[in-house]
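Chemist: One-letter residues, chain by chain:
2 protein chains.
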Amino acid sequence: MSSRPERRELERELAGMVGRENVLTEEADLLPYSADHFLRGLQHYLPKFKFLPDAVVTPLETSQVSRILRFASLHRIPVIPRGAGTSLAGQLIPVEGGIVLDLKKMNRIEPRVEDRMVVAGPGATYAELNRELERRGYFFPPEPGSAMACTVGGMVSTNASGSGAVKYGATRNYVLSLEVVLAGGEVVRLGRKVAKSASGYSLKDLFVGSEGTLGVITEITLRVEPYPPIRRTTMAVFPSLEGAFEAAMEILGRGITPASLELLDELCLLALNMSGFSLPEGKGALLLRSDGRYREAVEGEMEEMVRACRGKGAETVGVEDEALGRRLWEAREKISASLTKLLPSPETPRLVFQASVDVGLPLSKMLEYVRRVKALMEERGIMGVCFGHVGDGNVHIGSTFVPESPEQVERARRFQEEAIRLALSLGGTLTAEHGVGLWKAPYLEEEHGYALELMRSLKRLLDPQGILNPGKMALDGIPRVALMERWWEEK
Amino acid sequence: MSSRPERRELERELAGMVGRENVLTEEADLLPYSADHFLRGLQHYLPKFKFLPDAVVTPLETSQVSRILRFASLHRIPVIPRGAGTSLAGQLIPVEGGIVLDLKKMNRIEPRVEDRMVVAGPGATYAELNRELERRGYFFPPEPGSAMACTVGGMVSTNASGSGAVKYGATRNYVLSLEVVLAGGEVVRLGRKVAKSASGYSLKDLFVGSEGTLGVITEITLRVEPYPPIRRTTMAVFPSLEGAFEAAMEILGRGITPASLELLDELCLLALNMSGFSLPEGKGALLLRSDGRYREAVEGEMEEMVRACRGKGAETVGVEDEALGRRLWEAREKISASLTKLLPSPETPRLVFQASVDVGLPLSKMLEYVRRVKALMEERGIMGVCFGHVGDGNVHIGSTFVPESPEQVERARRFQEEAIRLALSLGGTLTAEHGVGLWKAPYLEEEHGYALELMRSLKRLLDPQGILNPGKMALDGIPRVALMERWWEEK
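Chains as they are written, first to last, in the working numbering: chain A, 216 to 706; chain B, 216 to 706.
For reference, chain A alone in the conformation it holds in the complex:
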């Protein structure tokens, strides 16, 4: 092993592998790669809180990724694979510098709908992939909140999902096979391009959700679903948040699995109405989606759900109006953005930590959890919102604070910690869909106990030098960057 080369030498070496036009080393060019979507929202307040990589490389094919990793391994240079940068847990931040592998040019999309699958490069976007598939009558359902921008590689790396997961499951359920490049540059195929296999350990499942810490994913084969031609959306607004939960539990308890079952609290409704929607006023709402191949079944399901909601005193909108139904769905996608409308003046707490609490709970514990979190907010003087995918136990909590106030930041940090620990104490998981990254690493051991030691052993086995996306998921000895704890020192 030789020591880490200097910037110019690094540039020359990398240019030799991928061409000069695919290597960036100037600070201005590196800056966008210092953050993910989550951190970018903070950098305005934290100009010094940035970790620049030494270089950004845009490989075109697997063999280049392999050469880069062999080289990085030899010199112990960190390598951070990157998709669209939409992650919310700090997964992409180059805390130790190194090489960011920008995979956007490895964006091949090869639909094989006759086999009910699609083969894609990691840099293919979810939106483009689904355009190609929908044209052929199929789709890849996980639909994360970042669906307009995210890449398929990023989705596999974080096991991404969203409001369709209650019916269709998360990304993991669709991954049939992966090509990955290991830390030393070895190219390996995991799984087969078939619908079903019981052959050997399922190594592909180890890589799904591993956040770039075990290898670089260079090709993905996904199962695809027939696109359901009939879709209906309805919103039910309730006089109490409890009523919304009770209706959701009744729907699930009847044996219905809707395409979506989304919860919004009072503040979400208010924010949406301030953004131009005219929803009924209420203390909580459910956004219901039903889809399928047969109109009678889709409408029958929606009718049953509407009946359950009305039984809990809900007012429903969009039942008879498909255009409104589509607009309601847009509303759901705009919750995060709409929340800023709630903040009338610069003195109001104004930084919304986007869904920074992203816990998953057993269904029967959700109402208790949301009640206790709301009480905590009140007690701690935190303004925040609760929404989420109530159909699969996933609760998002966004909280606001004035970033210039150390006292407010500390208060928000403590609240979020309490909200995470409360979920764990109720048998929940600390992240249902956003992943661990930097931000949730400090809590991983509380969830997994000895299993975290096993994860660390696997990490050392596959990446003995620790070059792959260091600092993430509490896997290595690199000091944890707990964002809200460190930023004041950084300023």
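Be careful, since some hints might not be right.
If chains are identical, the list can't say which one is meant, so a pair holds when it fits in one copy or spans any two.
[Claimed, not checked] Taking lysine to any residue pairs in the SDA-like style, the calculated list, with each CA pair at most 20 Å apart, reads:
hint: 1; residue 1: LYS408; residue 2: GLU583
hint: 2; residue 1: LYS265; residue 2: GLU228
hint: 3; residue 1: LYS408; residue 2: ASN388
hint: 4; residue 1: LYS265; residue 2: ALA342
hint: 5; residue 1: LYS589; residue 2: GLU457
hint: 6; residue 1: LYS674; residue 2: ARG404
Treat the hints as calculated values from the structure; they're not laboratory data.
Take the given structure of chain A and dock chain B to it, following the hints.
Modeler: The following block gives chain B in isolation, referenced to the frame of chain A:
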């Protein structure tokens, strides 16, 4: 590490951990544990082909499993976890002796349908689990061929599935969390009892399908599905096998995902008719199942499928007759047993290697595969049948031979090898649902290449002494027991 204790000492030690009544060491008692379902069928012809364990222990709880593994680890004694013994690939055969852990008494079933899950011990049977669930309106769908007998622990260990996998997926899709005991006796919880998580490496998925080679599963949390109240079954019999395939591809290509889409060849039909069914004569058949919550959708789907089949010249039975539909389903379950009816005299090849070829293929390669396999059978003088789960690319091939004839055995062995290699050459997997065990271990490297080396590294990491179910899945240095190659020496 001390050396392996003698039988009496072993018995005393184990009795101290689980009670004398839960330890067997007499040869007559050990004999049933020398084989799985697959090998049991052969032992009549191969009286010497049996590998006795040193002891059989029936633990009652996790802490006992932990003590046994600590002890086994100290003395380097092999440990083979065992469910109902219904495996078809030699997964349970104690090739190096050691302790068989019979998990039948760890059979707790705790339905938590309010959370859409169930918690079960590994020894709970699939049938009993589903009785408990169905009473509450839910079910655990994978439905392997051994559904009447198999245990949930066995299903998780082999990622079992069956004729419902095309719509509902294999066992893996349902596993939320596992408690496992590692080789050294450490008890560890993998995953959380929630519907959705993106927290850390998915170690549970490493254990699903690992055939007892990485640890002993002591508790299983499964997601459950609402039981579909409406079910319809129809059989379509075609004038050609090609017609059956074409209809299946048309059904899938239209975007229908039936609850089952089963293929039967001419010999299967003949065998079923010899067993008392009165099916139309034909060269191939599809058994179609549709299920759901809404009658209109289930019947609409069945109607579309029937139309596709009739378009290829099929005669359909059971469309209007629910009782006949149920009987047709029983017929499918009796294919293996019915095949013996085809063998009129002792001179006829009479040992049916139960579905011993169990490959999975891309959907678009299935017809080519079946055609080429049938040609191979003809060329090699093999009598055999083709059937399978055509909806997910899974083809079973049963072949027959006279076990007393070395020449016939060798011919059958070669044919099966060719059938496996043909599947691999078409992009398939060597086992879609039965697993690897002993029998398919010799071919694993051809499928996985360097990924098999990774599997071996993981095995060494988690079981450095190699005590967990040695000899299976080509993971260790223990000579492969390729059944049909060795048995003549053994006689």
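Chemist: How would you label the pair LYS408, ASN388 (within, between, both, or neither) given a Cα cut-off of 20 Å?
Modeler: both (14 Å within a copy, 17 Å between copies)
Chemist: Could you place LYS589 and GLU457 in one of the four classes (within, between, both, neither) given a Cα distance threshold of 20 Å?
Modeler: within (12 Å within a copy, 62 Å between copies)
Chemist: Given identical chains, is LYS674 near ARG404, meaning Cα to Cα at most 20 Å, within a copy, between copies, both, or neither?
Modeler: Both, since 18 Å and 18 Å are each at most 20 Å.
Chemist: Is it within a copy, between copies, both, or neither that the alpha carbon of LYS408 lies no farther than 20 Å from that of GLU583?
Modeler: between (43 Å within a copy, 17 Å between copies)
Chemist: Given a CA cutoff of 20 Å, do LYS265 and GLU228 count as a within-copy pair, a between-copy pair, both, or neither?
Modeler: Intra 25 Å, inter 60 Å, cutoff 20 Å: neither.
Chemist: At most 20 Å between C-alpha atoms: does LYS265 with ALA342 qualify within a copy, between copies, both, or neither?
Modeler: Neither. Shortest intra-copy (29 Å) and inter-copy (57 Å) distances fail the 20 Å Cα cut-off.
In summary, the numbered hints that this structure violates are 2, 4.
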